[in-house]
Amino acid sequence: MINIGVADTTFARYDMAASAIDELKRIGTGFKIVRRTVPGIKDLPVACKKLIEEQGCGIVIALGMPGPADKDRVCAHEASQGLIHAQLLTNTHIIEVFVHEDETTDGRELAKLADHRSREHARNAYDMMFHPERLAKNAGKGLREGFGDAGPVE
Amino acid sequence: MINIGVADTTFARYDMAASAIDELKRIGTGFKIVRRTVPGIKDLPVACKKLIEEQGCGIVIALGMPGPADKDRVCAHEASQGLIHAQLLTNTHIIEVFVHEDETTDGRELAKLADHRSREHARNAYDMMFHPERLAKNAGKGLREGFGDAGPVE
Amino acid sequence: MINIGVADTTFARYDMAASAIDELKRIGTGFKIVRRTVPGIKDLPVACKKLIEEQGCGIVIALGMPGPADKDRVCAHEASQGLIHAQLLTNTHIIEVFVHEDETTDGRELAKLADHRSREHARNAYDMMFHPERLAKNAGKGLREGFGDAGPVE
Amino acid sequence: MINIGVADTTFARYDMAASAIDELKRIGTGFKIVRRTVPGIKDLPVACKKLIEEQGCGIVIALGMPGPADKDRVCAHEASQGLIHAQLLTNTHIIEVFVHEDETTDGRELAKLADHRSREHARNAYDMMFHPERLAKNAGKGLREGFGDAGPVE
Amino acid sequence: MINIGVADTTFARYDMAASAIDELKRIGTGFKIVRRTVPGIKDLPVACKKLIEEQGCGIVIALGMPGPADKDRVCAHEASQGLIHAQLLTNTHIIEVFVHEDETTDGRELAKLADHRSREHARNAYDMMFHPERLAKNAGKGLREGFGDAGPVE
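Residue numbers (the numbering used here), protein chains in the order written: chain A, 1 to 154; chain B, 1 to 154; chain C, 1 to 154; chain D, 1 to 154; chain E, 1 to 154.
If you are wondering where the hints come from, they were derived from the structure by calculation, not from laboratory data.
Take the hints with a grain of salt, since some may be wrong.
The list cannot tell twin chains apart, which means a pair is met if one copy fits it or any two copies do.
[Said to hold, decoys possible] Here are the computed lysine-lysine pairs in the PhoX-like style, where the Cα-Cα straight-line distance is at most 25 Å:
id, residue 1, residue 2
1, Lys112, Lys141
2, Lys25, Lys112
3, Lys25, Lys71
4, Lys112, Lys137
5, Lys137, Lys25
6, Lys71, Lys141
7, Lys71, Lys32
Predicted model, so just to flag it, every value in this text is computed and none were measured.
With the rest of the complex left out, here is chain A (with noise of 0.2 Å):
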């Protein structure tokens, strides 16, 4: 039985987590999901290497909104390099699942952003878990998690 770390917080306008513990309910058995909620995405790198460390969870996702000031995006970038360092510092994987609030000006379209990255992306840890010979078939194909995929050049 694996653990699955799943990291969020109470800044995000959206419940991340929720549609990705659906998604990764609806794909597949044989994990156990172990949720924490921390105040911002500065938070998350430290809660993401404690689910690894202290929850033995075999991989995390760390799900987030950083806001449209520029102050927020230096936010996310500190965030993301703590998430990269507490990858190299446990040899797991933590997939970064950050939905900027400035990428779309539409309530609505926001909301569904963050519902179908977050999905996507917990098909991505699952398959990273189960089935990276899924990842491997997809090597260079362009694709996006949110969006429609960007496919290969030409």
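For chain A, the structure is supplied; the task is to place chains B, C, D and E on it using the hints.
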């Protein structure tokens, strides 16, 4: 008995630690507060790490007030990276409470913002230690500290 | 028998790993290739570290294609920092092969650039493992991968 | 007997370490000063770490004077990140004393600023070692080093 | 017998390592030079760490020539961060010698700058190993490598 660390600076123009400590004392018992004051925000990361490793703190609140210049923004970025790094090295949460001097132009409002944000994050720290389920309940709710909440999309 | 790691992404719009692997097979023997595909470039650092520490790779080629937006540039920066960090933690070279989508506006040219750069860096990786004297001979020669060489000054 | 480290550069255009050392000698006894001079500010992080780990310093003062160009600003950022990292790896405070050449346009004023800031931070370092209660008393007081204090808000 | 490491790149448009090595041989004896050439500056951090940990170098000179584009500036920043990190992990100085292609528009001058800076930093490295008192004597003197010295203020 759990130790809660509080680290702040002489650079800040408001005694944010006093607000955080007052709030902690209002909302609960069962913990001891250990406070350290350093010159500036770049001194906070190691101060917090020492509170965790040398004073046995189970969580730390790091309070600072970066100035309005470009140079100050870079300082805040460096301090934030250091705080995330300190967390990863200790598997312990450090709640960063930064109030940027240019978030408002009015002195009185800045003081109010610093007081409110420090108190709200003190509650976050307390909940993370003693009531993590309260954070889970607010996942994706668009909470903000110091200002009014943004709320969920739509 | 030396293992050479190849890590790439489903985000990239060209199968750069196929080019690198084809080139490796053309130029030599005496090694085994281990390939891992991850969603995006920020997943590469830990993927490479795992190739080194869990699959025994003596060198890794990390291939990715960052998009043209500001956000993509930040992602590439974070990934590059992580790749350097992974190298320092393992004392093992990871050859970063990034092709930025905006290095050219023509799809066909982008594909050619991705193919050429991947092949030339595959040769670099091979030489670093088996023929370091070839790199020493080209020190300060203004070599470029993917485009024509800049050559030495004057 | 406590060792206080002082690290400075040949790049700086003022002998800031001389000011810091003179101030340390005026304000107290019970410590020995160990000084190291390196070429530039990017050499300071490891110089400070060596002062801590190889010379047994309980605190270090790191002095430098970044130039006015964009490139210099990046150097200062890299040095600051390194100094924070060195602190986290040693659980020891390093007081950064940087004077940017463009903080003033007048040579004489720059010299005065460098002298004052070095002395005030020497006192900070001394207090952190021997009188931490003095920093606690000044928490949130808007202290500045080198220029006049900003003071608390309102 | 002390080993001095020299790490350089095939990307650079001038053989800076040759200048550094020639200078080292002119100024002293009692050391052995170990040279490694890598493709680009981002490969330098781990190359230097390997020179220290696998070849027993007591100090390393890292030479590179970043290009003039924004992307090159980011590369140089990443390389510099990695070089500082490598020093902190080994408690060993690595003298970074970067010449930016856009420091001058004239090819002949660029070659001269690269030659001079490499030689002056080779002397810095030599002095740091064998005559640290020479650096101490020049503290705060506004020294510059490659161009004329700025000198002390006033």
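message: If you test the structure against every hint from before, which numbers come out violated?
response: Those not satisfied are hints 3 and 7.
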